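Colleague: Listed below are the residues making up each chain.
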Amino acid sequence: MSVSSIVVVRELVKTYAVRGALLRAVDGVSFDVRPGETLGLVGESGSGKSTTGRILVGLDAATSGSINLFGQQISSKAGKAALGAVRRRLQFVFQDPQNSLNPRMRARDAIAEPLDIAGGLTRAARNDRVRELLEMVGLPISCGDRFPHEFSGGQRQRIGIARALALRPEFVVCDEPVSSLDVSIQAQIVNLLLDLQERLGLSYLFIAHDLAVVRSISARVAVMYAGRIVEIAPKRELYTLPRHPYTQALLAAVPRMRPNKARAAAVVAGELPSQIDTVPGCTFHPRCPFAFERCRTEKPKLREIAAGHLAACHLHEPPHQPPFAN
Amino acid sequence: MAEQPLLSVENLTVQFRSDIGWVTAIDGVDFAVHPGECLGIVGESGSGKSVSALSILRLHSPANTRYASGAIHYGGRDLLTLPQRRLRQIRGGEIAMIFQDPMSSLNPVLTIADQIMEPLRQHQGLSARAARRQAIALLDMVRISDASRRIDDYPHRLSGGMRQRVMIAIAVACRPKLLIADEPTTALDVTIQSQILTLLRDLQREIGMSVILITHDLGVVAEFAQRVVVMYAGRVVESASVAALFARPMHPYTEGLIQAVPDPDEDVHRLAMIPGNIPDPSTQIAGCRFNPRCRHAVRSCLAETPALIDAGAGHFARCPPRIAAGRIA
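Sequence order for the protein chains is A and B. The numbers in the working numbering rise by one with no breaks, and the one at position 272 of the first sequence is 272. Whatever position you read off the second sequence (first residue = 1), add 1000 for the working numbering.
For reference, chain B alone in the conformation it holds in the complex:
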C-alpha cells in the first residue's frame, strides 16, 4: 500500500495495574488504517482488541495504565505523547467513537438534542439555534423518522437500535476522519444489526471517513471491512485483506476460529473446535501464546516469540513454521 495511512499504531504495549502488579494487556501491536477504508479488528475475550482501540484516544484510566512502548501516528503527531488539551480537540472531532451499549454511553438525564448539540458547539462553535438545526439534520441522516419531534426525547424512550443511531449521529456530527466502532452491533438483534451496518457503510461513503470496526463476529468483518487484523491474547496474529484472510488463513488460530463458526447455510453434524481455553492475560506463556491450543506447534513455538512475518501481498502472520511451509508449497 503506497498511500500514506491516516493513522498507524506501532509496537504498542499497554499495561494495567492489578493486584498482582502490572499486567500486559496488549504486547507490541501494529496496525494502520488508510483514508476511506474500513479496518476490522477481530478477536475473542482478552485478545486486546478493545484495549487497542481505546488506546488510540487514550481513554484508559491514566492512574492505572502504562503505555510501555509504541507510538500512535496521526497527522504527523504521536497521540500517545500529545498533551491532554490537544487530544480533547481531536476526540469527538476528527476521531470519534461509538460503543457496544448505547444506553450506558448516552446520558439518561439529557435529551437527545442536548447530546447531539454538544460536539457541534464544542468543536464547531455553532450557536444554539444553528446546532439544533444541524442536530435535526443529523437525525435525518441516521434515518430517524420524525426527527424534529424525536430530538426532544430522553434516551430511555428509544429502542436499542434507535439509541445506536443517536450515538452514530453524535459521532459523525463533526464529520470525523476516523470513526472507531467498538462492537457497535453486539447488543442488537440481527435484523437491527444489518440496518445499523448498512447505515454505517452509507455514512462512511458519504463523509469519506475511515472506520476501525472492533468485533468478535467474523461474519460482520467479512461483510463490512476491507482489511482485517486478528488478535489473540494481546498480540496481532494475522493481518490481511478480508478476501485473503477468509480464503487462505495463515495462522492456525485464525483458521480454527473460521472453522468454529457455525455456518447458517450448511448442515454439519459437529462443529470444528479449538481445544483448550483462552488464556488469562496474567498467565505467562513462553513462545507463541497460541501454542498450548495449537495442533501444529513445533519445538520453536514453545521457546521463541514468533515475529509477524510478511507472507506476501500484504498478508502478515505470526507463525513462522506455517509461512515457511506455505512458501515451499
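If we strip away everything but chain A, and leave its shape as in the complex, we get:
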C-alpha cells in the first residue's frame, strides 16, 4: 500500500487469557490510514474494534503484529514506551466524556493538562492556547472556569476534543465519540469533527457501532467481526455494494425511517459465538445464509475483489461466483 500512509497496521493480534482459554480479541488486523483521511471502523460488541484503537494509541499492548506510525516502526510488545517519539502526534477521544474528565478539574485546566505535561510554554502562551482551543470547539471562553458536572454531555465531549487537540496531533483515534449523545447533539459533534479535520488537516480512525454515523464521517470503512476485518472499501461502495454477507446483514438490520419501505433482507439469525476460537473456518459461517463446505473448514483471507475493495469471504474467491450479485 502507499508509502504516504501515516498509519500502517499489519497482522495485529491481541489475545487475552480467559478462564484458561485464549481469546483472540484482535485476530490479524491490517489497515492503513492516509493523511487527512477518516477510516471508519464498525462492528458490534466483541468485534475487537475498540481494542484495535486502544493498541494504536498505546493504551494496550499488542500480542503480535506491527504498527508503523508516521514512518516510525513501533514494536508491538513495547506498547506505551515505544510511542514516546510519536506520542504528541497521536491523540484519543473517548466515548464517555463524563468518565474521561477529572471532576475536580476546571475545563481550562483539563484542556491545558497535556500542554502542562509537555512543558515549554509560558503562562501567557498556555492561556492563549486554551482560549484558542475553546473557540475551536465552539465553547465560549467563559466556560473555562467551569467544572465538568456543569456541562451537558455534548459540551463535555467538546472539552474532550479540545484536550485531544491541545498538542496539535495529526492523527486522532475517536472511539464511539457520539454514541452516548442524543441525536440532536450527535450531529453537532460529527460536524465539529468534520470542520476540525478540514481546518487542521487531521486524520481520524473513527470507531463506532452506528453504521449511519460512520457513513456520515468516513472516507473508507472497515467492518470487523469476531476480531477480524471482514470487509474494507471506500464508503460509497461499502454501503451500496456490500460484498461480505455479514456487512449485508449489518446494513439490513439498521432500522430505517422510511416507514413504507419493506426491510430489504431477512433478519440474520444467531449471535456472536462466545467461544470464537472453537469455530473452525470462517467465524461468521454459523450465522451465514450462504455458507458452504469450504467456509466450515478454511478461514477466508482478506483479498481485493475490486479496486480498493477487500473482503474476506470464500464466495468471492474463484471458482465460486457470488449468488447475490447486485
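Worth double-checking, as some hints may not be accurate.
Unchecked claim - Distance ranges between label pairs, derived from CB positions:
1. A:Asn99 <-> B:Gly1326: 39 to 47 angstroms
2. A:Arg88 <-> B:Thr1283: 37 to 45 angstroms
3. A:Ser4 <-> B:Val1109: 55 to 63 angstroms
4. B:Ala1272 <-> A:Ser45: 46 to 54 angstroms
5. A:Asp128 <-> B:Ala1272: 29 to 37 angstroms
6. A:Pro280 <-> B:Gly1208: 19 to 27 angstroms
7. B:Arg1295 <-> A:Ser45: 35 to 43 angstroms
8. A:Arg106 <-> B:Ser1045: 23 to 31 angstroms
9. B:Gly1208 <-> A:Thr240: 38 to 46 angstroms
Hints were generated in silico from the structure; no laboratory data involved. All values derive from a computational prediction rather than experimental measurement. All residues carry an ideal CB built from backbone N, CA and C; glycine is no exception.
Take the given structure of chain A and dock chain B to it, following the hints.
Modeller: Chain B only, in chain A's frame:
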C-alpha cells in the same frame, strides 16, 4: 379513531423532589393506546418519555413523586388513584413491562425458571409443575433453543439478547393486554435488535396485545409502531400516525430531529443540526420550551405556552404558528 382506547393518559403532570424543591418532569402529557396497536413514544434525554411510561404502573418512588395533575384511564378505572393492592394485580398481569437493561431487571441469584414461574404462580395460581411446563413453553415462544435445559441456568450465563428474550417471556407469561417496552433494544447490537423487534412484533400479533414502545431511535419507531408521540422537555410536542409524522412533520423539533439522524442510505457532507442544548428539567423556559433552539420562533412562542392542536386527520402538534401556516398552504 372511533374505537375506545385500551389506555389513555390525560393531562398527566409528574413532579420529583430534588435539592431545589419539586421539579416538573412531565407537564400535561396526553396520549392513548388502542387495542392491538403499537404506540411509539420518542424523545431525547429529559424529554419525559420514560417518566410517562413508568407513571402508568406508578413505578416511581412514592416518597419523592407527586402526580400533580391528570388521570390514567384503564378498564374504567384511574390507575393513579387505584389502591396499591389492586394495582399489583394489574402489574405483570394485564399490563407488563420490559426495560432497557435485562441484566439489572433479572435477579442474578435466581434461575430463569424461578423468575418466569413467579408471575404464573402469582397471577394465574398455577402449581409448581404446571408453571414449569408453561415456563418452558414460553421460552420456546421467545425462540430460546433447548428451553428445557436453559431454564435452569442463571442470568449471567446468557448473552444480552438472550436475557432480553427471557425478560419478554416473563412479561408475556400472563398474556398481557398491554406491554410497555422502555428502550428494549438500546443496549443490544443492531443484528440482535432486529431479532428482538421481530420477536416482539410476532408476539404482539399472537397475543393480540397493545405495545407502548419507548425509544430514542426514530428508525425503530418507524419500523415498529403505528402511531407515535414525540416528547420534548416534558411535553408532548407532536403525535400522529407513523406515516404522517415522517412524511410531514409539523413541529420544528420533530422536523429537526428527523433531519439530524444520519441516513445509512445516503452520502451527506454534513449533518443537519438542531442548535443549542437540551434544557435541564429544572430550568424554567417561558412559552414554548423549544423556542431557544427554534429557527422559526415568533414573539408569541416566547410568551404563551402553546396548546397541542389538531392539524387534521389525527395529527396533533404543539406549534400554533406552524399549524396556521399549514392551513393557509
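Colleague: If a hint holds in the structure, say so; if it doesn't, say that too.
Modeller: We went through each hint and held it up to the structure:
1. A:Asn99 <-> B:Gly1326: 39 to 47 angstroms: 45 angstroms, holds
2. A:Arg88 <-> B:Thr1283: 37 to 45 angstroms: With Cβ atoms ~40 angstroms apart, the hint holds.
3. A:Ser4 <-> B:Val1109: 55 to 63 angstroms: Given about 58 angstroms between the Cβ atoms, the range holds.
4. B:Ala1272 <-> A:Ser45: 46 to 54 angstroms: 29 angstroms, violated
5. A:Asp128 <-> B:Ala1272: 29 to 37 angstroms: The hint (29 to 37 angstroms, Cβ to Cβ) holds, given that aspartate 128 of chain A and alanine 1272 of chain B are roughly 34 angstroms apart.
6. A:Pro280 <-> B:Gly1208: 19 to 27 angstroms: The hint (19 to 27 angstroms, Cβ to Cβ) is violated, given that proline 280 of chain A and glycine 1208 of chain B are roughly 45 angstroms apart.
7. B:Arg1295 <-> A:Ser45: 35 to 43 angstroms: 38 angstroms, holds
8. A:Arg106 <-> B:Ser1045: 23 to 31 angstroms: 25 angstroms, holds
9. B:Gly1208 <-> A:Thr240: 38 to 46 angstroms: At roughly 40 angstroms between Cβ atoms, threonine 240 of chain A and glycine 1208 of chain B fall inside 38 to 46 angstroms, so the hint holds.
Of the numbered hints listed earlier, those contradicted by the structure are 4 and 6.
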